[in-house]
Amino acid sequence: MNCPNCGTTNLDNASICANCGRPLSTPSYTPPPPAPSSYTPPPPGGSFGGATAAPAQIPNYLWQSIVVTICCCLPFGIVGIIFAAQVNDKIRRGDIQGAMVASKNAKTWVLVAFIVGIVLQIVVWGLYSAAILSAIHSGQFNR
Amino acid sequence: MQRSLAPFTRVNLTVSAIVGAAGAWILYTFPPGRGSFYPRCVFHATTGLLCPGCGTTHALHELLHGQFGPAFKSNPFLFAVMLGSVYAAPSLLRGETPPLFMKTWFAWTAFAVVMAWWIGRNIF
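From first to last, the protein sequence lines are chains Z and C. Residues in the first sequence are numbered from 652 upward in steps of one, following my numbering. Residues in the second sequence are numbered from 5 upward in steps of one, following my numbering.
In case anyone wonders, no lab produced these hints; they're calculated from the structure. A virtual CB, placed ideally from N, CA and C, is assigned to each residue, including glycine. Mixed in with the good hints there might be a few duds.
[Said to hold, decoys possible] Residues from chain Z that face chain C, not an exhaustive set, calculated with beta carbons under 10 Å:
(1) I709
(2) P710
(3) W714
(4) C722
(5) I733
(6) A735
(7) A736
(8) V738
(9) N739
(10) I742
[What the hints assert, rightly or not] Label pairs and their computed distance ranges (CB to CB):
(11) Z:A782 x C:A25: 28 to 36 Å
(12) C:P103 x Z:I787: 52 to 60 Å
(13) C:Y42 x Z:G790: 20 to 28 Å
(14) Z:H788 x C:H48: 20 to 28 Å
(15) C:Y91 x Z:I787: 42 to 50 Å
(16) Z:A781 x C:I123: 27 to 35 Å
(17) C:K77 x Z:P726: 19 to 27 Å
(18) C:A120 x Z:G790: 45 to 53 Å
(19) C:A21 x Z:I773: 22 to 30 Å
(20) Z:W776 x C:A25: 20 to 28 Å
(21) C:R98 x Z:L778: 40 to 48 Å
Make the full structure from the sequences, and use the hints.
Written out as structure tokens, the structure is:
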């Protein structure tokens, strides 16, 4: 929606304008409906019956997976890419519940890859620093 | 729209710009290589093999100095990622998933390309 103050286009669920900070008037705003308490499997044939979310609202974490793979947080980023592909495939076949599960898995693996990558990075960096420091200490760099 | 992604606000963009500029200055000023302070690839440090992202720091340093040839040699895959970033940036700034990224064939192609590049660069 557009901000009544400055005209900036904001996200549909934004409560304040991202540009000027004015509250956005949303008189008919209704919170998203809660997930149904009892899970009903989608009917065969790939219809959208029983869907709890529109396909566009299910993130597939594809670019996050690729970024985390490139940043050497392997091999978990690759798992994220596979789940991202599953999200897309299941949305295409109308399996919204399955797509949401795959989306959740993709998110988990991106997070795992990121955290493991950071931890390993600190460990390796610490080892290298220790090795360089001890080399300096023992005079290996004095030619 | 993705509810799980924080939309890019003014604060977000300002912080990103400052961090990005500082990172670019560090990368431009200090060359990566032996004995440098840059983080190392864990995969390369442990196995001695190259990962899909290995050489990115070198490539970015060379790119900032306008050396496209050496940058492409350091990590050609980075150029594909940058092309994808240029395509994805407008959507991501709106807090949306780029339409191409929601295609099944694209996700599997990305997977195949990453794996082929990873294996191929260690063989050839």
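Results of checking the hints against the structure:
Hint status for I709 of chain Z relative to chain C: holds, with the closest Cβ pair at about 9 Å, below 10 Å. At its closest, the beta carbon of P710 of chain Z sits 4 Å from a beta carbon of chain C; the interface hint therefore holds under the 10 Å criterion. Because the closest C-beta pair between W714 of chain Z and chain C is about 6 Å apart, less than 10 Å, the hint holds. A distance limit of 10 Å between C-beta atoms decides the matter here; for C722 of chain Z the minimum to chain C is near 6 Å, and the interface restraint holds.
For I733 of chain Z, the interface hint holds, the least distance from its beta-carbon to any beta-carbon of chain C being 6 Å, beneath 10 Å. Satisfaction of the interface hint for A735 of chain Z is found here, the shortest Cβ-Cβ separation to chain C being roughly 5 Å, below the 10 Å cut-off. Satisfaction of the interface hint for A736 of chain Z is found here, the shortest Cβ-Cβ separation to chain C being roughly 4 Å, below the 10 Å cut-off. Evaluation of the V738 of chain Z hint against chain C yields a held restraint, the C-beta minimum of about 8 Å falling below 10 Å.
For N739 of chain Z, the shortest C-beta to C-beta distance to chain C is roughly 4 Å, which falls under 10 Å, so the interface hint holds. With a least beta-carbon distance of about 7 Å to chain C, the hint placing I742 of chain Z at the interface is held under the 10 Å criterion. Take A782 of chain Z and A25 of chain C: their Cβ atoms lie about 32 Å apart, and the range 28 to 36 Å holds. The supplied range of 52 to 60 Å is met by P103 of chain C and I787 of chain Z, whose beta-carbon atoms lie about 53 Å from each other.
A beta carbon spacing of about 25 Å between Y42 of chain C and G790 of chain Z agrees with the range 20 to 28 Å that was offered as a hint. A hinted range of 20 to 28 Å for the beta carbons of H788 of chain Z and H48 of chain C is consistent with their spacing of about 26 Å. At about 46 Å, the beta-carbon gap between Y91 of chain C and I787 of chain Z stays in the expected band of 42 to 50 Å. Checked against the given bound of 27 to 35 Å, the beta carbons of A781 of chain Z and I123 of chain C, roughly 33 Å apart, stay inside it.
Range check, K77 of chain C to P726 of chain Z: Cβ separation about 25 Å, and the 19 to 27 Å hint holds. As the Cβ distance of A120 of chain C to G790 of chain Z is approximately 47 Å, the hint placing it in 45 to 53 Å holds. Evaluation of the 22 to 30 Å hint for A21 of chain C and I773 of chain Z yields a pass: the beta carbon distance comes to about 26 Å. Distance hint for W776 of chain Z and A25 of chain C: a CB-CB separation of about 23 Å, consistent with the stated range 20 to 28 Å.
A beta carbon spacing of about 42 Å between R98 of chain C and L778 of chain Z agrees with the range 40 to 48 Å that was offered as a hint.
Going down the numbered hints, you'll see the structure goes against none, and every one checks out.
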